[in-house]
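Given next are the chains, with one letter for each unit.
Number of protein chains: 8
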Amino acid sequence: MTAQELEKLLINIKNGTSTVEEALEVLKTFPYTDLGFARIDHHREIRTGYPEIIYCAGKTTEQVKEIFRVMISKENNVIGTRASIEMYKAVKSITPDAVFYSEARIIAVQKKKPETPENRIAVITAGTSDIPVAEEAAVTAELLGNEVLRIYDAGVAGIHRLVDKLPEIRSCKVIIVIAGMEGALASVVGGLVDKPVIAVPTSVGYGASFGGISALLAMLTSCSAGVTVVNIDNGFGAGFSASMINRMK
Amino acid sequence: MTAQELEKLLINIKNGTSTVEEALEVLKTFPYTDLGFARIDHHREIRTGYPEIIYCAGKTTEQVKEIFRVMISKENNVIGTRASIEMYKAVKSITPDAVFYSEARIIAVQKKKPETPENRIAVITAGTSDIPVAEEAAVTAELLGNEVLRIYDAGVAGIHRLVDKLPEIRSCKVIIVIAGMEGALASVVGGLVDKPVIAVPTSVGYGASFGGISALLAMLTSCSAGVTVVNIDNGFGAGFSASMINRMK
Amino acid sequence: MTAQELEKLLINIKNGTSTVEEALEVLKTFPYTDLGFARIDHHREIRTGYPEIIYCAGKTTEQVKEIFRVMISKENNVIGTRASIEMYKAVKSITPDAVFYSEARIIAVQKKKPETPENRIAVITAGTSDIPVAEEAAVTAELLGNEVLRIYDAGVAGIHRLVDKLPEIRSCKVIIVIAGMEGALASVVGGLVDKPVIAVPTSVGYGASFGGISALLAMLTSCSAGVTVVNIDNGFGAGFSASMINRMK
Amino acid sequence: MTAQELEKLLINIKNGTSTVEEALEVLKTFPYTDLGFARIDHHREIRTGYPEIIYCAGKTTEQVKEIFRVMISKENNVIGTRASIEMYKAVKSITPDAVFYSEARIIAVQKKKPETPENRIAVITAGTSDIPVAEEAAVTAELLGNEVLRIYDAGVAGIHRLVDKLPEIRSCKVIIVIAGMEGALASVVGGLVDKPVIAVPTSVGYGASFGGISALLAMLTSCSAGVTVVNIDNGFGAGFSASMINRMK
Amino acid sequence: MTAQELEKLLINIKNGTSTVEEALEVLKTFPYTDLGFARIDHHREIRTGYPEIIYCAGKTTEQVKEIFRVMISKENNVIGTRASIEMYKAVKSITPDAVFYSEARIIAVQKKKPETPENRIAVITAGTSDIPVAEEAAVTAELLGNEVLRIYDAGVAGIHRLVDKLPEIRSCKVIIVIAGMEGALASVVGGLVDKPVIAVPTSVGYGASFGGISALLAMLTSCSAGVTVVNIDNGFGAGFSASMINRMK
Amino acid sequence: MTAQELEKLLINIKNGTSTVEEALEVLKTFPYTDLGFARIDHHREIRTGYPEIIYCAGKTTEQVKEIFRVMISKENNVIGTRASIEMYKAVKSITPDAVFYSEARIIAVQKKKPETPENRIAVITAGTSDIPVAEEAAVTAELLGNEVLRIYDAGVAGIHRLVDKLPEIRSCKVIIVIAGMEGALASVVGGLVDKPVIAVPTSVGYGASFGGISALLAMLTSCSAGVTVVNIDNGFGAGFSASMINRMK
Amino acid sequence: MTAQELEKLLINIKNGTSTVEEALEVLKTFPYTDLGFARIDHHREIRTGYPEIIYCAGKTTEQVKEIFRVMISKENNVIGTRASIEMYKAVKSITPDAVFYSEARIIAVQKKKPETPENRIAVITAGTSDIPVAEEAAVTAELLGNEVLRIYDAGVAGIHRLVDKLPEIRSCKVIIVIAGMEGALASVVGGLVDKPVIAVPTSVGYGASFGGISALLAMLTSCSAGVTVVNIDNGFGAGFSASMINRMK
Amino acid sequence: MTAQELEKLLINIKNGTSTVEEALEVLKTFPYTDLGFARIDHHREIRTGYPEIIYCAGKTTEQVKEIFRVMISKENNVIGTRASIEMYKAVKSITPDAVFYSEARIIAVQKKKPETPENRIAVITAGTSDIPVAEEAAVTAELLGNEVLRIYDAGVAGIHRLVDKLPEIRSCKVIIVIAGMEGALASVVGGLVDKPVIAVPTSVGYGASFGGISALLAMLTSCSAGVTVVNIDNGFGAGFSASMINRMK
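Protein chains in written order, with this note's numbering: chain A, 1 to 249; chain B, 1001 to 1249; chain C, 2001 to 2249; chain D, 3001 to 3249; chain E, 4001 to 4249; chain F, 5001 to 5249; chain G, 6001 to 6249; chain H, 7001 to 7249.
In case anyone wonders, no lab produced these hints; they're calculated from the structure.
Some hints could be false.
With a cut-off of at most 30 Å between alpha-carbon atoms, the simulated DSBU-like pairs for lysine-lysine come out as follows [what the hints assert, rightly or not]:
#, chain 1, residue 1, chain 2, residue 2
1, B, 1165, B, 1111
2, G, 6074, F, 5112
3, B, 1074, E, 4249
4, H, 7249, E, 4249
5, E, 4111, E, 4249
6, F, 5113, F, 5092
7, B, 1065, A, 249
8, A, 65, C, 2112
9, B, 1165, A, 249
Covered stretches of chain D, as calculated for chain C (at least 3 residues, CB under 8 Å) [to be verified]:
#, segment
10, 3193–3201
11, 3215–3228
Predicted, not measured: the structure shown is a model, and the values here were computed from it.
Glycine is no exception: its CB is placed at the ideal position from the N, C-alpha and C atoms.
Whenever a hint applies, use it, and build me the whole structure from the sequences.
Written out as structure tokens, the structure is:
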């Protein structure tokens, strides 16, 4: 069943020409592969628009390799986040197409190039130390087909470094703001643009930063409307959500 | 200066036909009114696409009334959130157009009807007790011009109540999920749809709910990609961000 | 004094044919061995139905070995949790019957095979990274005589991977649900089955997972009735309690 | 479809004589009533063995009344927890069978008497102030058909008040231990009996009790095996889980 | 002993013309009045440069009145913070000079007018709801002799409302920044001026504001150097410290 | 069995002239009265040296009255802490000897006057607002037979108010230090005396005091040896422990 | 000035035969040695009854050695806590009298043997893993001249291991209870003895133990009167306070 | 544009002889260098009175070296905090003027010697373990041109070690107080001097110190007026703010 067929069925149900029962039939046929330690969801691309993403942290190198092996065999694009160089080497040994983005800690195998949307996604960091999280966001967005505008080290302690980039930022369709410490950049950007801002707190800082809690709380309580938040250091989540919005028509 | 003129200037800068200096000139002329206790930002609608929203909690009834008076005189649409019935009466006394949405605690004066986008926004709650927050989100989205699909009390303890609504939910462009206690609904919905999910934790619950912290943490750590989060009980923020995404072209 | 004798005495007290004083006499004779650094409770099997379990973390290898030596000499079954490979080797050196379950980190010496109850215990994990905790639960349950149904990596982001296993899950008498991050799986399973669910939060995740706090709070505030919770990463506790329930007649 | 038919179908699937597809068909036909503000799950009794329980806190009196009206019309037993006297009066006005347990804050309408299991459930509190939570647990268990042994104010500061009740406690099949402050009673009871202990922390105490957090943490980290925990003040959850275990055969 | 004499003695000690013993003699003669429930420190003005300030919260009206009575009798200037209108009336009944600043919740009796320093102190708030805390800071600073520049409601969501006031702000010698929610204003101001910034987090906000914790953490982890922080809602402390710095020569 | 007999028995056991079994016999005969909602421990005075203390908060007035009635009938001294004026009136109605210490919130009935030890207990507070907690400590100590030296409002902001009382403080055998906010007084006193200091954090303060957490943590981490800590606002606990130490011989 | 002279002076002041001024003179002459990185307080033994104790953690080996060198030269007894084996070797190189208690992590140099009080101090642990903290307490108490009764691994999961030691425990003058996880042992012991209990929470445990917070909170909120608490893992503090009480006459 | 010209412009604006527009023109011309991973703010010295400070933690050695290279090329003074010895070596390789303060972890290149103000800054620590943070503060202050008075290990457990230094401390213009554990020193110093106190909590301590939270909270809730606080272990921030105040005229 292709995405088009699925969509048609859902529209029929909405219009009353198909029944709820028919919709539920769809669920029954969702395929997955049971590896014992992992159940790979081959249908996610159709259901949610994107292939399953492998969160590599906490998995063994052997498990990561096995999951890649199965997914590649279905000709899916595959993305592995929080990956180590060892995991990359293991994956590379079974598929020469594997690419490693070391700063972003992402392993990617891209079987088919996604269509590129018209607009860009901006990825802005407050500091230099936030760059690894930013790269996770930017590379994720790029692998999902988007063009990315990177603006790094533009924190509020020297706000003119941000102001002169405003026109370029405003030309993007979604803005990802990445900051540790007090996380004020999300509020400042949110007050200057009319685009959705996805804020990513980072664990950069010490003492009362409490591993990113300060930035997280600051972003959640932002006085600027239009700001939503993802988990601390979750560059992937921000890149994924931004791509979802950017690809909308 | 109208929004069109502003946009044109920004494009020129991007293309190199205008200078950064010209962009900054724009900033200088942003108007506001200083009431002593409040500085009303008349330019926000042009800059961010929406008028200033008044957060009424913590303001006196007299202050709220004064802010409405000034904003209405500029023929802006005005939205006041977290408002009391007393505040509404005070605003009503100066403008008969004021409307009060009591469950959502919103005062609205709508001078011009916003254009309605093609797609709907879904607002789903886990329980009945989450409805006031949901109404804040739904009314906000509606006042900003959107159509809203409300699905209330569809928590994961009886997941079939959600499943048979899936086709209708998937036809929306953005999904707002509102839940207290363990907030699991956001992850479940996020795993079933390919649309951005904005999750709103609520302070519904007791004991280890800790006023919404449990739901907040659960939503931030959701295993489903595509979920972003706003502050506890922040129905307004979710409705505003959802509208921003829904109105995109 | 055997368990039968103890039980008879207690029943007599309940029926009034023995006095409270007689019950307390029992307490006086509970035997234990004082090793200086540990007091081994030889009577626990009679009193609580199970032998003492050794929590190895925080003990030295020498202490673990000594405790095993004493307990084995009484022909008890012995279980050591949170054990290292070094501890296992030390125990093995004194008893060739010692077995090491490396993923579960359990050392076991089984002198007598427990009776196997009719029903199985289900152990379900949300992700692959939760498997070590799941194995601690499953191996504990098996060592206490139960059959275990393992379903790993069935998190709510792809709920169909769980749904098609429902009939098998519902045939078990107790369900152990193990999840990190937002811990939503416990609520979803709790809403689909009519069996006691023992939820184990794990420290899997990062950022706002806070070492398992998110999952813990989510499980404690679950909207599904019938869910009880044990400590973060406490696979042993879940396996032990599940066995207690499963062995009931 | 009756529970017997459902069970038969599930067994057939397990045995391979029915397909997974047939099991999923079942899900499609789960009935519920949509009241707008609530979706009442009429099928829960068959699916989980118990009717839906109404958590009244956070609902309006009118909403509670409406939910009772619909559920009673299906001849279900209905339980409303965290109810006020006003809610009771509203329910009473539509059904004279409604009963209010004021200390437990429970409204009950019992259309059919559940079968009484052979064994009792013990409900033990550390102090007098824990009694309201204990009554919520005890009344819940009784409404679900169980006999309850109540032992109140038996905290560890005077442990002999507990010891002489041991024989009676050991004759129960499940033990609910309810304690605020340091919650030590759960560990002490857990060390003396061979039955599952469900521990309920209460918000009784002041200062470093932090509304029940101290007792919650103490119970979660209990050194006695066989102890599982529910949310702070969640007498209902404990009573419900205990009943589930006690009714097992 | 006057301040001049004290200063002379200290200089002598530093220069070696007086001994440490002589300095300690000074301590012995510090006078105070013991009221039983309070020990009034008459020497604080000489020792720390300012009279004792009465923190009225938690004291009874009668106690506040008594403390004012004793201090006034020594011809001291007296400031009572966190005072109620009842306390003011009681103080007014014994001294007609008492003044009440209701928004700042301060009772003041000023026997001698302090000298006015050349420079002003700026008090800036992010929102209208922060004004009560700001007034506590501003009135404190004024009572200690300083001129104050008030700029209220200049939060980062509309940063141009702050930018056009920059020249005036930079002409002040110390800046007090008062903000709730995410507290970003402190960092933004700190990055634009070369004066000490004293940041006051306020309890304004809801949900993840956690009564001011978000703003507090954000201010403590500010990426702008030159920012120090006082307790949540501590307008008095900020006004006092700012005055100390502003009066320096 | 009197305390003397009990003591003799214990000594015999220690000396080997009685057996452990004989000691345990003692436990069997500990008397208590079961009121249903409370189990009154008549033996506590013998076992721990003091009668049972009633923690009245969380109990109904009727329950408090009943407990007093039973305890008085045994001619015990009775102390009820955290009591309301209503509870006092109820107790007074059954025994004219009842006394109410309103600031300390203690109801006392004293049937026999305890012996007065040679040394005094010092009770020192940092501020006036700490006095209610101090009175709970002081009255408790006095009811248990001790003489108390009260020094109130001697916080470290004016340390000379403490220094001139040092000789008198050092003449006491135990020191209770009571402070809210930063709780520094405990460390300062601990560094100046060679007597055990029992520190009581109070919930006095606001903002980052977090209801006494600041003072609690400060006292626990005191750099002065000899400081032990009780719960926030637990004046009773401090008075009780101090009395225990002061009465030692 | 000897302790006797100091005591005489203080008594004179109390009796009015010496003045406060004379007492303060004493303070002026307190000697210390300034090493630049440390100020050694030679007078502490006289002032507080015990020599200065060196907290070695966070100091360099060189600094520890230097502090020992100076203190030994005054013929003081010296105790260094939280010391490493390297520090011990460095101290040993300058004084052959240095002794290292490796489990307790204490370096001691004892120049004069303290007098031994009549009564013992009991040190009881809940588990084997608590022994290092217990040894810090026990060795501290012994170095300060006391005899210690050690009872290790007597947690509440097997309470009979404690009960048969009760007579011996009751013969001690102070009881130190050391427990991690839920810390219930402090309450149980506190309910069985009439001696001051000093409770030491340990960081033993995992998950919701939160590095000792669970045990700390449980001990602070103990329902047994007579229990005071020291910092997590602070064996030294407990041993020191216990010695202070035990040495009292 | 020099600082003088900037100042003149600002004064003109204030006096009305220049317009707000002219002030904003200034912002447009603020220079910075974009290195891709960092945006170096060359204008900060003019705008805030000090050059940009490099926070080295979280940056790679290569990044630190590049930032130094660019900044040095502008003849700025440069300060790098939280630097490693590797970073220092890399910087040294490009400029022989680089100096490393190893205890303070600061790399400095000083092109022009700042003017020395008349008064000193006092840096006081409670313990020896606080010295690294103190050195960060002291070296920062010295590099910014100030003279520093260091007083280390003067905690409140031996307060006479502080008292005899009071005259010298009072001769300073700003006091930095650095303490871990309970942080009481800030309050004590604040009560004895009439100068601004900047308090720095340190992560020194264990258990309930919680990495500096205890000291942080204690300092924020200090009962002494005139105390402001910076982040845990933020010696740099304290030194910077102190310098700002000390250099004022």
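Status of the hints after comparison with the structure:
1. Straight-line distance between C-alpha atoms of residue 1165/B and residue 1111/B comes to about 35 Å, which puts the hinted pair past the 30 Å bound.
2. This hinted pair does not check out: residue 6074/G and residue 5112/F have alpha carbons roughly 53 Å apart, beyond 30 Å.
3. For the proposed pair residue 1074/B and residue 4249/E, the alpha carbon gap of about 49 Å is over 30 Å, so the pair is violated.
4. Between the alpha carbons of residue 7249/H and residue 4249/E the distance comes to roughly 6 Å, so the proposed pair stays at or under 30 Å and holds.
5. Distance check on the hinted pair: residue 4111/E and residue 4249/E sit about 24 Å apart at the alpha-carbon level, within 30 Å; holds.
6. A distance of roughly 19 Å separates the Cα atoms of residue 5113/F and residue 5092/F; the hinted pair therefore holds under the 30 Å criterion.
7. With a CA separation close to 40 Å, the supplied pair residue 1065/B and residue 249/A exceeds the 30 Å bound.
8. Among the hinted pairs, residue 65/A with residue 2112/C is inconsistent with the structure: their alpha-carbon atoms are about 41 Å apart, more than 30 Å.
9. At roughly 23 Å between alpha-carbon atoms, residue 1165/B and residue 249/A fall within 30 Å of each other, so this suggested pair holds.
10. With 5 residues carrying a beta carbon less than 8 Å from a beta carbon of chain C, the segment 3193–3201 of chain D meets the three-residue requirement, and the given coverage holds.
11. Counting residues of the segment 3215–3228 of chain D whose CB falls under 8 Å from any CB of chain C gives 7; the rule of at least 3 is met.
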